[in-house]
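Chemist: The sequence shown begins at -5 in our numbering and counts up one residue at a time.
There may be inaccurate statements among the hints.
[Stated by the list, open to error] Computed cross-link-like contacts, PhoX-like style, restricted to lysine-lysine with a CA-CA straight-line distance of at most 25 Å:
hint, residue 1, residue 2
1, Lys325, Lys338
2, Lys363, Lys519
3, Lys338, Lys567
[Stated by the list, open to error] Simulated restraints on C-beta separations:
hint, residue 1, residue 2, range
4, Asp27, Ile113, 11 to 21 Å
5, Gly98, Arg521, 43 to 53 Å
6, Gln101, Glu74, 28 to 38 Å
No lab work stands behind these hints, which were simulated from the structure alone. Each residue gets a CB set at the ideal place from its N, CA and C atoms; glycine is no exception.
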Amino acid sequence: MSKKNRTTIYNALPIVAAAYGEQFGVNVQIGSDTAYTDGKTIVVPNVPADYPNMDVVWGYLTHEAAHVRLTDFDVRPTSELHHHLTNTLEDCRIERRMIQDYPGTVQTLDAVANYMAEIGHYADPSTDNLPSEVLGAYCLYWLQGYGVGQTVLQPKADRAGKVLASMLPAGVVLKLEVMLRHAVNLQSTQEASDLAASIISMLEEEQQKAQNNPSASQQDSQQGQQGQQPDQQQGSGGGDDAGSDDQGQDQSSDKGSGQGQDGQQNPQSGNKPGDQGDASQANGQPGQQANGSASQQQGAGSSGQDKADALTQILQASQDQLPEAAQSALKKELNQAAQEQGDKSYQTIRQAETLPASASGNTLLSNVKANSNRIRQQLFGLVQAQSRSARQTVRAGKRFDHNRIARVISGDPRVFVRSTQRRNPNTAVHLLVDASSSMSNPCGNGQSMMDVAREAALALALSLEAITGVNPAVTFFGGSGSRQLFSAVKHGQRVSANAGRFIKASAGMTPMAEALWYAAYEMTKVREERKLIMVVTDGEPSNPAAVHSIANLCERSDVEIIGIGIGTKAVTKFFQRSIVINDATELRGTLFALMEHSLKVAA
(Lines of atoms letter the chains of each structure in order from A and count residues from 1; the text may use other names and numbers.)
(Lines give C-alpha, C1' and ligand atoms only; values in the text may rest on other atoms or scores of the structure.)
Protein backbone atom coordinates (compact mmCIF):
# COMPACT_ATOMS: atom_id res chain seq x y z
CA MET A 1 0.00 0.00 0.00
CA SER A 2 1.45 3.40 -0.91
CA LYS A 3 2.31 5.82 1.84
CA LYS A 4 -0.39 8.16 0.55
CA ASN A 5 -3.11 5.55 0.93
CA ARG A 6 -1.82 3.65 3.94
CA THR A 7 -4.06 3.23 6.95
CA THR A 8 -3.12 5.14 10.10
CA ILE A 9 -4.99 5.92 13.29
CA TYR A 10 -6.20 9.10 11.61
CA ASN A 11 -8.14 7.32 8.86
CA ALA A 12 -8.80 3.86 10.34
CA LEU A 13 -12.46 2.82 10.17
CA PRO A 14 -13.06 2.36 13.93
CA ILE A 15 -11.54 5.74 14.80
CA VAL A 16 -13.27 7.75 12.07
CA ALA A 17 -16.57 6.02 12.89
CA ALA A 18 -16.10 6.92 16.57
CA ALA A 19 -15.40 10.53 15.61
CA TYR A 20 -18.61 10.65 13.57
CA GLY A 21 -20.53 9.14 16.46
CA GLU A 22 -19.11 11.66 18.91
CA GLN A 23 -19.84 14.56 16.57
CA PHE A 24 -23.43 13.47 15.94
CA GLY A 25 -24.07 12.32 19.51
CA VAL A 26 -24.94 8.74 18.55
CA ASN A 27 -23.60 5.32 19.53
CA VAL A 28 -21.55 3.68 16.76
CA GLN A 29 -20.25 0.11 16.77
CA ILE A 30 -18.04 -1.77 14.36
CA GLY A 31 -19.84 -4.98 13.38
CA SER A 32 -18.33 -8.11 11.89
CA ASP A 33 -20.19 -8.13 8.58
CA THR A 34 -23.61 -6.56 9.13
CA ALA A 35 -24.80 -2.98 8.65
CA TYR A 36 -27.89 -2.06 10.63
CA THR A 37 -29.36 0.26 13.24
CA ASP A 38 -31.85 -0.50 15.99
CA GLY A 39 -32.87 3.10 16.52
CA LYS A 40 -30.24 3.63 19.22
CA THR A 41 -27.01 2.15 17.88
CA ILE A 42 -25.52 2.24 14.38
CA VAL A 43 -23.48 -0.79 13.33
CA VAL A 44 -20.89 -0.24 10.61
CA PRO A 45 -19.51 -3.42 8.98
CA ASN A 46 -15.74 -3.83 9.13
CA VAL A 47 -15.06 -3.15 5.46
CA PRO A 48 -11.38 -3.57 4.48
CA ALA A 49 -8.90 -0.74 4.92
CA ASP A 50 -8.50 -0.38 1.14
CA TYR A 51 -12.23 -0.26 0.39
CA PRO A 52 -12.38 2.27 -2.48
CA ASN A 53 -15.63 3.99 -1.50
CA MET A 54 -15.10 5.11 2.08
CA ASP A 55 -17.07 8.31 1.46
CA VAL A 56 -20.05 6.06 0.80
CA VAL A 57 -19.50 4.34 4.17
CA TRP A 58 -19.50 7.73 5.90
CA GLY A 59 -22.60 8.70 3.93
CA TYR A 60 -24.34 5.57 5.19
CA LEU A 61 -23.25 6.42 8.73
CA THR A 62 -24.49 10.00 8.36
CA HIS A 63 -27.88 8.84 7.06
CA GLU A 64 -28.34 6.33 9.87
CA ALA A 65 -27.18 8.90 12.43
CA ALA A 66 -29.89 11.20 11.11
CA HIS A 67 -32.49 8.51 11.79
CA VAL A 68 -31.19 7.94 15.32
CA ARG A 69 -31.19 11.67 16.05
CA LEU A 70 -34.37 12.74 14.31
CA THR A 71 -36.77 9.87 13.51
CA ASP A 72 -39.66 8.96 15.79
CA PHE A 73 -39.79 5.18 15.54
CA ASP A 74 -43.13 5.07 17.35
CA VAL A 75 -44.98 6.45 14.31
CA ARG A 76 -46.80 3.45 12.81
CA PRO A 77 -47.78 2.97 9.15
CA THR A 78 -51.28 1.95 8.09
CA SER A 79 -50.32 0.03 4.93
CA GLU A 80 -47.30 -1.03 2.89
CA LEU A 81 -47.71 1.97 0.59
CA HIS A 82 -48.05 4.32 3.55
CA HIS A 83 -44.92 2.80 5.10
CA HIS A 84 -42.94 3.21 1.89
CA LEU A 85 -44.02 6.81 1.26
CA THR A 86 -43.42 7.79 4.89
CA ASN A 87 -39.89 6.39 4.76
CA THR A 88 -39.12 8.19 1.51
CA LEU A 89 -40.43 11.51 2.84
CA GLU A 90 -38.63 10.99 6.15
CA ASP A 91 -35.32 10.31 4.38
CA CYS A 92 -35.64 13.64 2.60
CA ARG A 93 -36.54 15.46 5.83
CA ILE A 94 -33.71 14.08 7.95
CA GLU A 95 -31.01 14.51 5.30
CA ARG A 96 -32.00 18.14 4.79
CA ARG A 97 -31.83 18.64 8.54
CA MET A 98 -28.38 17.00 8.81
CA ILE A 99 -27.03 19.21 6.03
CA GLN A 100 -28.45 22.23 7.85
CA ASP A 101 -26.90 21.22 11.19
CA TYR A 102 -23.65 19.79 9.77
CA PRO A 103 -22.93 21.44 6.38
CA GLY A 104 -19.97 19.13 5.72
CA THR A 105 -22.25 16.10 5.47
CA VAL A 106 -23.44 17.22 2.04
CA GLN A 107 -20.33 15.63 0.49
CA THR A 108 -20.83 12.19 2.01
CA LEU A 109 -24.59 12.15 1.35
CA ASP A 110 -23.98 13.19 -2.25
CA ALA A 111 -21.34 10.46 -2.51
CA VAL A 112 -24.00 7.86 -1.69
CA ALA A 113 -26.40 9.20 -4.33
CA ASN A 114 -23.67 9.40 -6.99
CA TYR A 115 -22.44 5.90 -6.19
CA MET A 116 -25.92 4.36 -6.18
CA ALA A 117 -26.68 5.97 -9.53
CA GLU A 118 -23.32 4.96 -11.01
CA ILE A 119 -23.56 1.26 -10.21
CA GLY A 120 -27.23 0.97 -11.16
CA HIS A 121 -29.01 0.78 -7.81
CA TYR A 122 -30.87 3.95 -8.85
CA ALA A 123 -32.19 2.71 -12.20
CA ASP A 124 -34.59 4.47 -14.55
CA PRO A 125 -38.06 2.87 -14.43
CA SER A 126 -39.94 2.00 -17.62
CA THR A 127 -43.46 1.02 -18.61
CA ASP A 128 -42.39 -2.58 -18.05
CA ASN A 129 -42.31 -1.87 -14.31
CA LEU A 130 -45.35 -2.05 -12.08
CA PRO A 131 -47.05 1.33 -11.53
CA SER A 132 -46.20 1.06 -7.82
CA GLU A 133 -42.51 0.62 -8.67
CA VAL A 134 -42.55 3.66 -10.95
CA LEU A 135 -44.36 5.76 -8.34
CA GLY A 136 -41.85 4.77 -5.65
CA ALA A 137 -38.90 5.56 -7.92
CA TYR A 138 -40.37 8.92 -8.92
CA CYS A 139 -41.00 9.98 -5.32
CA LEU A 140 -37.51 8.90 -4.27
CA TYR A 141 -35.71 10.64 -7.14
CA TRP A 142 -37.76 13.81 -6.86
CA LEU A 143 -37.35 14.11 -3.08
CA GLN A 144 -33.63 13.31 -3.08
CA GLY A 145 -32.91 15.23 -6.28
CA TYR A 146 -34.94 18.38 -5.78
CA GLY A 147 -35.68 18.14 -2.06
CA VAL A 148 -32.21 17.29 -0.75
CA GLY A 149 -30.35 18.76 -3.71
CA GLN A 150 -28.62 15.65 -5.08
CA THR A 151 -28.36 16.81 -8.68
CA VAL A 152 -27.48 13.39 -10.09
CA LEU A 153 -31.07 12.30 -9.39
CA GLN A 154 -32.87 15.28 -10.93
CA PRO A 155 -32.78 13.94 -14.53
CA LYS A 156 -33.89 10.57 -13.21
CA ALA A 157 -36.84 12.24 -11.49
CA ASP A 158 -37.82 13.92 -14.77
CA ARG A 159 -37.64 10.67 -16.71
CA ALA A 160 -39.54 8.74 -14.05
CA GLY A 161 -42.20 11.46 -14.09
CA LYS A 162 -42.75 10.93 -17.81
CA VAL A 163 -43.20 7.19 -17.37
CA LEU A 164 -45.55 7.63 -14.42
CA ALA A 165 -47.62 10.24 -16.29
CA SER A 166 -48.15 7.78 -19.15
CA MET A 167 -49.56 5.25 -16.69
CA LEU A 168 -51.89 7.45 -14.62
CA PRO A 169 -54.87 9.71 -15.36
CA ALA A 170 -54.18 13.28 -16.43
CA GLY A 171 -53.14 15.64 -13.65
CA VAL A 172 -52.25 13.00 -11.06
CA VAL A 173 -48.49 13.45 -11.40
CA LEU A 174 -48.90 17.23 -11.18
CA LYS A 175 -50.90 16.92 -7.98
CA LEU A 176 -48.39 14.43 -6.60
CA GLU A 177 -45.48 16.76 -7.25
CA VAL A 178 -47.25 19.69 -5.63
CA MET A 179 -47.67 17.54 -2.53
CA LEU A 180 -44.05 16.37 -2.62
CA ARG A 181 -42.98 20.01 -2.43
CA HIS A 182 -44.34 20.08 1.11
CA ALA A 183 -41.52 17.71 2.14
CA VAL A 184 -39.08 20.62 2.41
CA ASN A 185 -41.19 22.01 5.27
CA LEU A 186 -41.68 18.81 7.27
CA GLN A 187 -40.66 19.15 10.90
CA SER A 188 -41.25 15.66 12.29
CA THR A 189 -41.77 12.01 11.44
CA GLN A 190 -45.45 12.41 12.23
CA GLU A 191 -45.75 15.18 9.64
CA ALA A 192 -44.05 12.92 7.10
CA SER A 193 -46.57 10.20 7.94
CA ASP A 194 -49.45 12.68 7.60
CA LEU A 195 -48.19 13.84 4.21
CA ALA A 196 -47.90 10.23 3.05
CA ALA A 197 -51.51 9.67 4.13
CA SER A 198 -52.59 12.75 2.19
CA ILE A 199 -50.86 11.48 -0.95
CA ILE A 200 -52.67 8.16 -0.58
CA SER A 201 -55.99 9.99 -0.11
CA MET A 202 -55.36 11.91 -3.32
CA LEU A 203 -54.57 8.68 -5.18
CA GLU A 204 -57.71 7.04 -3.79
CA GLU A 205 -59.86 9.92 -4.95
CA GLU A 206 -58.29 9.87 -8.40
CA GLN A 207 -58.74 6.10 -8.56
CA GLN A 208 -62.43 6.45 -7.70
CA LYS A 209 -62.91 9.15 -10.33
CA ALA A 210 -61.13 7.09 -12.98
CA GLN A 211 -63.07 3.95 -12.04
CA ASN A 212 -66.39 5.74 -12.32
CA ASN A 213 -65.55 7.44 -15.62
CA PRO A 214 -62.62 5.70 -17.39
CA SER A 215 -62.84 7.88 -20.51
CA ALA A 216 -62.41 11.09 -18.49
CA SER A 217 -58.79 10.31 -17.70
CA GLN A 218 -57.90 10.75 -21.38
CA GLN A 219 -60.29 13.63 -22.14
CA ASP A 220 -58.93 15.69 -19.25
CA SER A 221 -55.39 15.73 -20.66
CA GLN A 222 -55.67 19.17 -22.26
CA GLN A 223 -57.38 20.52 -19.15
CA GLY A 224 -54.56 19.24 -16.99
CA GLN A 225 -51.96 20.95 -19.18
CA GLN A 226 -53.81 24.28 -19.01
CA GLY A 227 -53.82 24.14 -15.22
CA GLN A 228 -50.17 23.23 -14.98
CA GLN A 229 -48.55 26.67 -14.86
CA PRO A 230 -50.77 28.17 -12.13
CA ASP A 231 -50.21 25.06 -10.02
CA GLN A 232 -46.46 25.43 -10.32
CA GLN A 233 -46.47 29.10 -9.44
CA GLN A 234 -48.66 28.55 -6.44
CA GLY A 235 -46.68 25.55 -5.24
CA SER A 236 -44.26 27.76 -3.34
CA GLY A 237 -46.71 30.27 -1.97
CA GLY A 238 -48.19 28.08 0.73
CA GLY A 239 -49.53 24.63 1.39
CA ASP A 240 -53.19 25.66 1.03
CA ASP A 241 -52.80 27.24 -2.41
CA ALA A 242 -50.40 24.59 -3.70
CA GLY A 243 -52.86 21.76 -3.31
CA SER A 244 -56.13 23.61 -3.81
CA ASP A 245 -57.06 22.35 -7.30
CA ASP A 246 -59.71 19.77 -6.47
CA GLN A 247 -57.61 18.39 -3.60
CA GLY A 248 -59.84 18.57 -0.60
CA GLN A 249 -58.16 15.40 0.53
CA ASP A 250 -54.88 17.35 0.91
CA GLN A 251 -55.97 19.16 4.06
CA SER A 252 -53.96 17.10 6.50
CA SER A 253 -50.82 17.70 4.43
CA ASP A 254 -51.55 21.41 4.24
CA LYS A 255 -51.96 21.54 7.98
CA GLY A 256 -48.67 19.75 8.55
CA SER A 257 -46.76 21.92 6.10
CA GLY A 258 -48.36 25.04 7.47
CA GLN A 259 -47.00 24.21 10.89
CA GLY A 260 -43.61 23.64 9.35
CA GLN A 261 -43.66 26.99 7.54
CA ASP A 262 -44.48 28.94 10.70
CA GLY A 263 -41.18 27.95 12.26
CA GLN A 264 -39.31 26.95 9.10
CA GLN A 265 -36.01 28.60 8.39
CA ASN A 266 -34.48 26.23 5.84
CA PRO A 267 -35.53 28.16 2.70
CA GLN A 268 -34.01 31.31 4.21
CA SER A 269 -30.95 29.67 5.72
CA GLY A 270 -28.46 31.30 3.40
CA ASN A 271 -28.15 28.43 0.94
CA LYS A 272 -25.77 26.38 3.00
CA PRO A 273 -24.00 23.51 1.25
CA GLY A 274 -26.56 20.96 0.22
CA ASP A 275 -29.43 23.48 0.19
CA GLN A 276 -28.78 24.53 -3.38
CA GLY A 277 -32.12 23.01 -4.35
CA ASP A 278 -34.09 25.22 -1.95
CA ALA A 279 -34.36 28.29 -4.12
CA SER A 280 -35.57 26.34 -7.13
CA GLN A 281 -37.98 24.38 -4.96
CA ALA A 282 -39.41 27.57 -3.51
CA ASN A 283 -40.16 29.19 -6.87
CA GLY A 284 -41.43 26.06 -8.54
CA GLN A 285 -38.66 25.68 -11.15
CA PRO A 286 -38.04 22.01 -10.43
CA GLY A 287 -41.73 21.40 -10.83
CA GLN A 288 -41.61 23.09 -14.24
CA GLN A 289 -38.69 20.95 -15.32
CA ALA A 290 -40.16 17.67 -14.19
CA ASN A 291 -43.80 18.45 -14.93
CA GLY A 292 -43.08 20.05 -18.25
CA SER A 293 -41.79 16.73 -19.47
CA ALA A 294 -44.42 14.72 -17.68
CA SER A 295 -47.33 16.76 -18.98
CA GLN A 296 -46.39 15.96 -22.58
CA GLN A 297 -47.03 12.32 -21.78
CA GLN A 298 -50.34 12.76 -20.02
CA GLY A 299 -53.26 11.37 -21.91
CA ALA A 300 -50.94 9.17 -23.97
CA GLY A 301 -50.17 5.51 -23.53
CA SER A 302 -52.58 3.44 -21.47
CA SER A 303 -56.35 3.46 -21.89
CA GLY A 304 -58.64 5.06 -19.32
CA GLN A 305 -59.42 1.71 -17.71
CA ASP A 306 -55.74 0.79 -17.64
CA LYS A 307 -55.00 4.02 -15.81
CA ALA A 308 -57.70 3.32 -13.27
CA ASP A 309 -56.26 -0.16 -12.83
CA ALA A 310 -52.77 1.34 -12.39
CA LEU A 311 -54.01 3.43 -9.47
CA THR A 312 -55.68 0.37 -7.99
CA GLN A 313 -52.42 -1.57 -8.25
CA ILE A 314 -50.51 1.23 -6.53
CA LEU A 315 -52.98 1.47 -3.66
CA GLN A 316 -53.01 -2.29 -3.11
CA ALA A 317 -49.26 -2.81 -3.60
CA SER A 318 -47.52 -5.27 -1.31
CA GLN A 319 -44.00 -4.77 0.02
CA ASP A 320 -42.40 -6.74 -2.82
CA GLN A 321 -44.24 -4.59 -5.37
CA LEU A 322 -42.59 -1.40 -4.09
CA PRO A 323 -38.96 -0.34 -4.65
CA GLU A 324 -36.43 -1.58 -2.13
CA ALA A 325 -35.48 1.02 0.49
CA ALA A 326 -32.67 3.18 -0.86
CA GLN A 327 -30.20 2.22 1.88
CA SER A 328 -30.93 -1.52 1.75
CA ALA A 329 -28.92 -2.17 -1.42
CA LEU A 330 -26.01 -0.17 -0.01
CA LYS A 331 -26.08 -2.11 3.25
CA LYS A 332 -26.00 -5.39 1.34
CA GLU A 333 -22.95 -4.26 -0.60
CA LEU A 334 -21.10 -3.12 2.53
CA ASN A 335 -21.97 -6.40 4.21
CA GLN A 336 -20.58 -8.35 1.27
CA ALA A 337 -17.33 -6.35 1.29
CA ALA A 338 -16.95 -7.02 5.01
CA GLN A 339 -17.71 -10.73 4.60
CA GLU A 340 -15.20 -11.20 1.79
CA GLN A 341 -12.35 -8.91 2.80
CA GLY A 342 -13.20 -7.33 6.16
CA ASP A 343 -10.57 -6.77 8.83
CA LYS A 344 -11.61 -8.98 11.73
CA SER A 345 -9.19 -7.19 14.07
CA TYR A 346 -11.20 -3.96 14.01
CA GLN A 347 -12.68 -3.13 17.40
CA THR A 348 -15.44 -0.75 18.41
CA ILE A 349 -14.06 2.36 20.11
CA ARG A 350 -15.64 2.17 23.53
CA GLN A 351 -16.19 5.08 25.87
CA ALA A 352 -14.27 4.87 29.13
CA GLU A 353 -16.32 4.99 32.31
CA THR A 354 -14.96 7.48 34.86
CA LEU A 355 -13.87 5.67 38.01
CA PRO A 356 -15.26 6.91 41.34
CA ALA A 357 -12.80 8.51 43.74
CA SER A 358 -11.87 6.42 46.78
CA ALA A 359 -10.58 7.67 50.11
CA SER A 360 -7.90 4.98 49.88
CA GLY A 361 -6.28 7.08 47.20
CA ASN A 362 -4.57 9.22 49.84
CA THR A 363 -2.84 6.16 51.29
CA LEU A 364 -1.80 5.02 47.83
CA LEU A 365 -0.48 8.50 47.07
CA SER A 366 1.65 8.47 50.22
CA ASN A 367 3.02 5.00 49.43
CA VAL A 368 4.23 5.87 45.94
CA LYS A 369 5.35 9.45 46.49
CA ALA A 370 8.94 8.61 47.41
CA ASN A 371 9.33 6.31 44.43
CA SER A 372 7.62 8.85 42.20
CA ASN A 373 10.03 11.56 43.31
CA ARG A 374 13.03 9.41 42.41
CA ILE A 375 11.61 8.61 38.97
CA ARG A 376 10.74 12.25 38.42
CA GLN A 377 14.26 13.40 39.32
CA GLN A 378 15.75 10.92 36.90
CA LEU A 379 13.42 11.84 34.03
CA PHE A 380 13.71 15.53 34.80
CA GLY A 381 17.50 15.26 34.68
CA LEU A 382 17.20 13.67 31.25
CA VAL A 383 14.96 16.43 29.95
CA GLN A 384 17.05 19.18 31.54
CA ALA A 385 20.24 17.86 29.97
CA GLN A 386 18.63 17.77 26.54
CA SER A 387 16.99 21.18 26.80
CA ARG A 388 20.16 22.96 27.94
CA SER A 389 21.36 25.74 25.67
CA ALA A 390 23.81 24.57 23.02
CA ARG A 391 26.78 26.74 21.94
CA GLN A 392 27.77 26.66 18.31
CA THR A 393 30.57 28.49 16.44
CA VAL A 394 29.52 30.02 13.13
CA ARG A 395 30.98 32.18 10.34
CA ALA A 396 28.92 35.31 11.11
CA GLY A 397 27.18 36.75 14.11
CA LYS A 398 27.10 39.43 16.80
CA ARG A 399 29.03 37.66 19.57
CA PHE A 400 32.76 37.02 19.18
CA ASP A 401 34.20 33.83 20.72
CA HIS A 402 37.58 34.86 22.17
CA ASN A 403 38.53 31.21 22.68
CA ARG A 404 38.46 30.66 18.90
CA ILE A 405 40.62 33.65 17.88
CA ALA A 406 43.44 31.37 16.76
CA ARG A 407 41.25 30.05 13.96
CA VAL A 408 41.63 33.32 12.08
CA ILE A 409 45.34 32.65 11.61
CA SER A 410 44.60 29.30 9.98
CA GLY A 411 41.92 30.79 7.73
CA ASP A 412 38.94 29.36 9.65
CA PRO A 413 36.26 32.10 9.84
CA ARG A 414 34.13 30.27 12.46
CA VAL A 415 34.91 32.64 15.34
CA PHE A 416 31.39 33.81 16.22
CA VAL A 417 29.23 32.05 18.80
CA ARG A 418 25.51 31.33 18.65
CA SER A 419 23.41 29.83 21.46
CA THR A 420 20.48 27.57 20.64
CA GLN A 421 17.78 27.09 23.27
CA ARG A 422 16.06 23.74 22.83
CA ARG A 423 12.37 23.35 23.46
CA ASN A 424 10.62 21.50 26.24
CA PRO A 425 9.23 18.02 25.51
CA ASN A 426 5.95 18.02 23.65
CA THR A 427 4.62 14.55 24.44
CA ALA A 428 1.24 13.02 25.22
CA VAL A 429 1.49 9.82 27.27
CA HIS A 430 -1.44 7.43 27.82
CA LEU A 431 -0.96 4.73 30.45
CA LEU A 432 -3.15 1.66 30.00
CA VAL A 433 -3.32 -0.47 33.15
CA ASP A 434 -4.48 -4.09 33.05
CA ALA A 435 -7.21 -4.67 35.66
CA SER A 436 -8.40 -8.09 34.50
CA SER A 437 -8.98 -10.99 36.87
CA SER A 438 -5.57 -12.54 36.09
CA MET A 439 -3.92 -9.49 37.65
CA SER A 440 -5.06 -10.71 41.08
CA ASN A 441 -2.33 -13.37 40.95
CA PRO A 442 0.64 -12.92 43.31
CA CYS A 443 3.73 -11.23 41.96
CA GLY A 444 6.28 -12.93 44.23
CA ASN A 445 6.95 -10.02 46.56
CA GLY A 446 3.88 -10.33 48.75
CA GLN A 447 1.83 -8.09 46.46
CA SER A 448 -0.60 -8.98 43.72
CA MET A 449 0.11 -8.00 40.13
CA MET A 450 -2.73 -5.49 40.43
CA ASP A 451 -1.08 -3.80 43.42
CA VAL A 452 2.20 -3.48 41.54
CA ALA A 453 0.49 -2.22 38.38
CA ARG A 454 -1.56 0.34 40.30
CA GLU A 455 1.46 1.72 42.18
CA ALA A 456 3.63 1.73 39.07
CA ALA A 457 0.99 3.60 37.07
CA LEU A 458 0.46 6.26 39.72
CA ALA A 459 4.19 6.74 40.34
CA LEU A 460 4.88 7.06 36.64
CA ALA A 461 1.93 9.38 35.99
CA LEU A 462 2.98 11.68 38.85
CA SER A 463 6.55 11.74 37.52
CA LEU A 464 5.47 12.58 33.98
CA GLU A 465 3.02 15.25 35.11
CA ALA A 466 5.84 17.19 36.78
CA ILE A 467 7.72 17.58 33.49
CA THR A 468 6.75 20.65 31.50
CA GLY A 469 5.41 19.67 28.10
CA VAL A 470 4.24 16.16 29.06
CA ASN A 471 0.49 15.46 29.08
CA PRO A 472 -0.39 12.14 30.80
CA ALA A 473 -3.62 10.14 30.94
CA VAL A 474 -4.40 6.87 32.74
CA THR A 475 -7.03 4.26 31.81
CA PHE A 476 -7.69 0.85 33.38
CA PHE A 477 -8.97 -2.01 31.24
CA GLY A 478 -10.69 -5.19 32.39
CA GLY A 479 -14.26 -6.40 32.75
CA SER A 480 -17.02 -7.73 30.53
CA GLY A 481 -19.93 -6.59 28.40
CA SER A 482 -20.10 -2.84 27.90
CA ARG A 483 -18.03 -2.09 31.02
CA GLN A 484 -14.44 -2.70 29.98
CA LEU A 485 -12.63 0.65 30.07
CA PHE A 486 -12.30 2.88 33.14
CA SER A 487 -10.75 6.33 33.13
CA ALA A 488 -8.69 7.47 36.12
CA VAL A 489 -7.07 10.54 34.53
CA LYS A 490 -7.90 12.17 31.21
CA HIS A 491 -5.47 14.26 29.20
CA GLY A 492 -5.30 17.70 30.77
CA GLN A 493 -6.39 16.60 34.26
CA ARG A 494 -4.18 16.64 37.37
CA VAL A 495 -2.90 13.21 38.40
CA SER A 496 -2.56 13.97 42.12
CA ALA A 497 -6.15 15.23 42.27
CA ASN A 498 -7.37 11.91 40.84
CA ALA A 499 -5.26 9.48 42.90
CA GLY A 500 -8.45 8.13 44.47
CA ARG A 501 -9.56 6.84 41.04
CA PHE A 502 -6.59 4.45 40.89
CA ILE A 503 -8.30 2.11 43.39
CA LYS A 504 -9.62 -0.29 40.75
CA ALA A 505 -10.19 -3.95 41.62
CA SER A 506 -9.18 -6.61 39.11
CA ALA A 507 -12.06 -8.42 37.38
CA GLY A 508 -13.22 -9.91 34.12
CA MET A 509 -11.53 -10.37 30.76
CA THR A 510 -8.46 -8.60 29.31
CA PRO A 511 -9.70 -6.25 26.53
CA MET A 512 -6.23 -4.97 25.69
CA ALA A 513 -7.06 -4.44 22.01
CA GLU A 514 -10.10 -2.34 22.91
CA ALA A 515 -7.95 -0.32 25.31
CA LEU A 516 -5.33 0.33 22.63
CA TRP A 517 -8.01 1.43 20.15
CA TYR A 518 -9.40 3.79 22.78
CA ALA A 519 -5.96 5.24 23.56
CA ALA A 520 -5.22 5.63 19.85
CA TYR A 521 -8.52 7.48 19.39
CA GLU A 522 -7.71 9.77 22.30
CA MET A 523 -4.30 10.44 20.76
CA THR A 524 -5.97 11.83 17.63
CA LYS A 525 -7.45 14.59 19.79
CA VAL A 526 -4.30 15.86 21.54
CA ARG A 527 -1.99 18.52 20.13
CA GLU A 528 1.34 17.19 21.36
CA GLU A 529 3.78 16.25 18.60
CA ARG A 530 5.03 13.05 20.22
CA LYS A 531 2.58 10.38 21.27
CA LEU A 532 3.35 7.48 23.59
CA ILE A 533 1.17 4.64 24.90
CA MET A 534 2.43 2.61 27.87
CA VAL A 535 0.71 -0.70 28.66
CA VAL A 536 1.07 -2.11 32.19
CA THR A 537 -0.03 -5.76 32.01
CA ASP A 538 0.67 -9.41 32.68
CA GLY A 539 0.70 -9.86 28.90
CA GLU A 540 -2.28 -12.19 28.40
CA PRO A 541 -4.90 -10.33 26.28
CA SER A 542 -8.26 -11.82 25.33
CA ASN A 543 -7.60 -11.26 21.60
CA PRO A 544 -3.86 -11.47 20.83
CA ALA A 545 -4.31 -11.05 17.06
CA ALA A 546 -6.27 -7.83 17.52
CA VAL A 547 -3.56 -6.52 19.88
CA HIS A 548 -0.86 -7.16 17.28
CA SER A 549 -2.98 -5.40 14.64
CA ILE A 550 -3.63 -2.20 16.57
CA ALA A 551 -0.05 -2.13 17.91
CA ASN A 552 1.26 -2.24 14.34
CA LEU A 553 -1.21 0.44 13.30
CA CYS A 554 0.02 2.71 16.11
CA GLU A 555 3.65 2.19 15.12
CA ARG A 556 2.80 3.08 11.49
CA SER A 557 1.11 6.22 12.80
CA ASP A 558 4.20 7.35 14.76
CA VAL A 559 2.57 6.49 18.07
CA GLU A 560 5.16 4.75 20.24
CA ILE A 561 4.18 1.86 22.50
CA ILE A 562 6.08 0.63 25.55
CA GLY A 563 5.02 -2.51 27.38
CA ILE A 564 5.60 -2.89 31.12
CA GLY A 565 5.23 -6.52 32.13
CA ILE A 566 4.26 -7.31 35.71
CA GLY A 567 6.11 -10.42 36.83
CA THR A 568 6.11 -12.00 33.36
CA LYS A 569 7.88 -11.61 30.03
CA ALA A 570 4.71 -12.32 28.04
CA VAL A 571 4.49 -8.62 27.23
CA THR A 572 7.49 -8.96 24.92
CA LYS A 573 5.33 -10.91 22.45
CA PHE A 574 3.27 -7.83 21.67
CA PHE A 575 5.51 -4.78 21.98
CA GLN A 576 8.96 -4.25 20.51
CA ARG A 577 10.01 -2.05 23.41
CA SER A 578 9.24 -3.46 26.84
CA ILE A 579 10.50 -4.01 30.37
CA VAL A 580 9.55 -6.44 33.14
CA ILE A 581 9.21 -5.48 36.82
CA ASN A 582 8.18 -7.28 39.99
CA ASP A 583 7.86 -4.14 42.09
CA ALA A 584 7.03 -0.51 41.37
CA THR A 585 10.44 0.52 42.74
CA GLU A 586 12.09 -1.28 39.82
CA LEU A 587 10.72 1.31 37.40
CA ARG A 588 13.56 3.67 38.24
CA GLY A 589 16.23 1.25 37.14
CA THR A 590 14.60 -0.10 33.98
CA LEU A 591 12.43 2.65 32.51
CA PHE A 592 15.11 5.26 31.93
CA ALA A 593 16.51 3.81 28.70
CA LEU A 594 13.07 3.32 27.16
CA MET A 595 11.83 6.80 28.08
CA GLU A 596 14.98 8.54 26.85
CA HIS A 597 13.82 8.46 23.23
CA SER A 598 10.17 9.24 23.97
CA LEU A 599 10.98 12.36 25.99
CA LYS A 600 13.77 13.48 23.71
CA VAL A 601 13.57 17.20 23.09
CA ALA A 602 13.57 18.48 19.54
CA ALA A 603 16.55 20.69 18.83
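Chemist: So, for every hint listed, does it hold in this structure?
Modeler: Here's how the hints hold up against the structure:
Simply put, Lys325 and Lys338 have alpha-carbon atoms about 18 Å apart, close enough for the 25 Å limit, and the pair holds. Restraint check: the Cα-Cα separation between Lys363 and Lys519 comes to about 30 Å, which exceeds 25 Å; the hinted pair is violated. Taken as a hint, the Lys338 and Lys567 pair is honoured in the structure, with Cα atoms around 20 Å apart against an allowance of 25 Å. Judged by the Cβ atoms, the range 11 to 21 Å given for Asp27 and Ile113 holds: they are separated by roughly 20 Å.
Distance hint for Gly98 and Arg521: a CB-CB separation of about 22 Å, inconsistent with the stated range 43 to 53 Å. At roughly 34 Å, the beta-carbon separation of Gln101 and Glu74 lies within the given 28 to 38 Å, and the hint holds.
Hints 2, 5, counting from the list given before, are not met by this structure.
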